[in-house]
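Q: If you want the building blocks of each chain, they are given just below.
Number of protein chains: 2
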Amino acid sequence: MGKLLGDQAADQIIQLIIDNDGKAGDKMPNEYELAEQLNVSRSTVREAIKALVSRNILEIKRGSGTFISEKCGISDDPLGLMFVKNKLKLATDLLEIRFMIEPKIASLAAANATDEEIREIEVLCDKVEQLILNNQPHMDVDIEFHGAIARSSKNIVIANLIPIINKSISLCIDVTDRQLAKETIETHKEVLNCIKSRDINGAYDAMYLHLVYNRRNIKKLIEIKNNETHLDI
Amino acid sequence: MGKLLGDQAADQIIQLIIDNDGKAGDKMPNEYELAEQLNVSRSTVREAIKALVSRNILEIKRGSGTFISEKCGISDDPLGLMFVKNKLKLATDLLEIRFMIEPKIASLAAANATDEEIREIEVLCDKVEQLILNNQPHMDVDIEFHGAIARSSKNIVIANLIPIINKSISLCIDVTDRQLAKETIETHKEVLNCIKSRDINGAYDAMYLHLVYNRRNIKKLIEIKNNETHLDI
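Protein chains in written order, with my numbering: chain U, 19 to 251; chain X, 19 to 251.
In case anyone wonders, no lab produced these hints; they're calculated from the structure. Ideal Cβ placement from N, Cα and C applies to all residues, glycine included. Certain hints may be false.
[Claimed, not checked] Here are the computed lysine to any residue pairs in the SDA-like style, where the Cα-Cα straight-line distance is at most 20 Å:
1) X:K185 x X:V230
2) U:K89 x X:Y231
3) X:K105 x U:L106
4) U:K103 x X:K105
5) X:K172 x U:N38
6) U:K41 x X:V102
7) U:K105 x X:I32
8) X:K41 x X:E77
9) U:K41 x X:E77
10) X:K45 x U:M100
11) X:K79 x U:Q26
12) X:K89 x U:F101
[Said to hold, decoys possible] Pulled from the structure, derived: some chain U residues nowhere near chain X, Cβ distances all over 10 Å:
13) A69
14) I92
15) E147
16) L149
17) V159
18) E162
19) I174
20) N178
21) K237
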């Protein structure tokens with residue numbers, strides 16, 4: 019019974035956020051105020067907040083209050099891939115989706131990116147290059163680079179979807195293979211330059227090429243893994 | 019402090035499911051057994067289970083116990099679209115992703131579907147037709163039809179992604195417009211027949227055509243909506 023009340027209160031809090039045009043990072047009213055606004059007990063509010071925190075919709079910062087989460091309600095495993103055992107097959111399938119989406123996105127970015135967005139993509143492109151040249155982990159910034167391109171496509175779903183896919187790939191496979199360093203730097207730059215010069219087909223092709231290098235890399239990793247398995251037997 | 023313990027226990031329960039090859043619908047050990055296995059208190063287990071229920075990983079069936087959820091941890095709003103205000107723009111962007119993915123998926127289904135999967139697609143195709151002809155809501159079965167095609171592509175991510183996208187579209191727009199009934203029945207059949215005859219390009223084209231009708235329909239709805247807004251002023 020308490021659970022049902024908590025769920026109802028959670029729905030009411032979500033509606034409250036929508037009605038108030040809430041954005042990631044906004045502070046929520048405190049427990050007392052919420053209980054009063056929703057006309058429920060404080061323990062029900064607490065239960066609702068806990069559930070919304072589990073769902074990455076709210077975030078509690080100790081000592082300063084409850085906030086709308088930067089994760090926008092996107093769970094740590096939004097596509098339900100946690101229980102897939104074969105991580106190499108998973109990485110291959112995720113990359114197959116990137117092939118379907120990302121070249122088209124690069125075209126859309128070449129058509130729609132604002133000057134400010136292009137500057138952001140350029141900064142991230144440089145950062146990835148520096149990290150690779152300094153032998154430092156570049157995966158997070160790499161994901162940001164592709165995310166920035168996705169955002170500048172102006173498709174609001176793609177902007178959320180691409181980081182999800184890329185983070186999933188980085189979780190299942192070590193794609194930071196040194197072999198790919200040169201190709202990554204070069205094809206990232208090509209994508210950037212085509213977006214800059216509003217070259218829709220060029221951006222498509224450059225992104226496609228970038229993915230081809232990635233697919234070859236994954237294939238190589240799978241071959242190595244298969245050979246290891248054979249050796250085990 | 020309690021929260022942190024609950025989170026840790028939640029992670030341990032997830033690991034337990036992975037280690038035991040847990041599948042949707044499997045029954046979980048009871049509270050006492052879990053507390054013993056994880057070496058934590060029963061109240062910590064209860065807290066962890068609550069969080070996992072909020073995350074659609076577990077499901078409590080009153081009187082019979084706790085089970086692995088059929089939702090496989092996929093939240094009700096996996097792509098974080100809850101707070102997007104402009105639902106027509108959202109529907110358009112979701113459909114744009116279907117254009118990037120679904121024709122290719124239909125090709126993969128034509129190449130990879132088993133005979134059993136083809137029979138399932140056929141049954142769903144017939145069901146959608148019957149519902150449309152009887153003037154009954156067909157959206158849920160329609161989503162199942164596209165989901166079955168996605169599964170038979172053998173890309174494990176696509177199988178989860180397509181229902182997410184299609185459910186999202188049905189939430190933001192009423193795509194059950196009677197105008198589309200004839201086109202839906204026809205293009206669904208074309209997709210099915212091409213998958214049956216292993217016609218990779220035909221399946222691609224038929225799915226593309228299906229999406230074209232959907233895009234025209236959304237455009238029409240947007241025009242109507244825009245006209246209404248003008249009248250309001």
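Q: Which hints from the list above does the structure break, by number from lowest to highest?
A: Those not satisfied are hints 2, 3, 4, 5, 9, 13, 14, 19 and 20.
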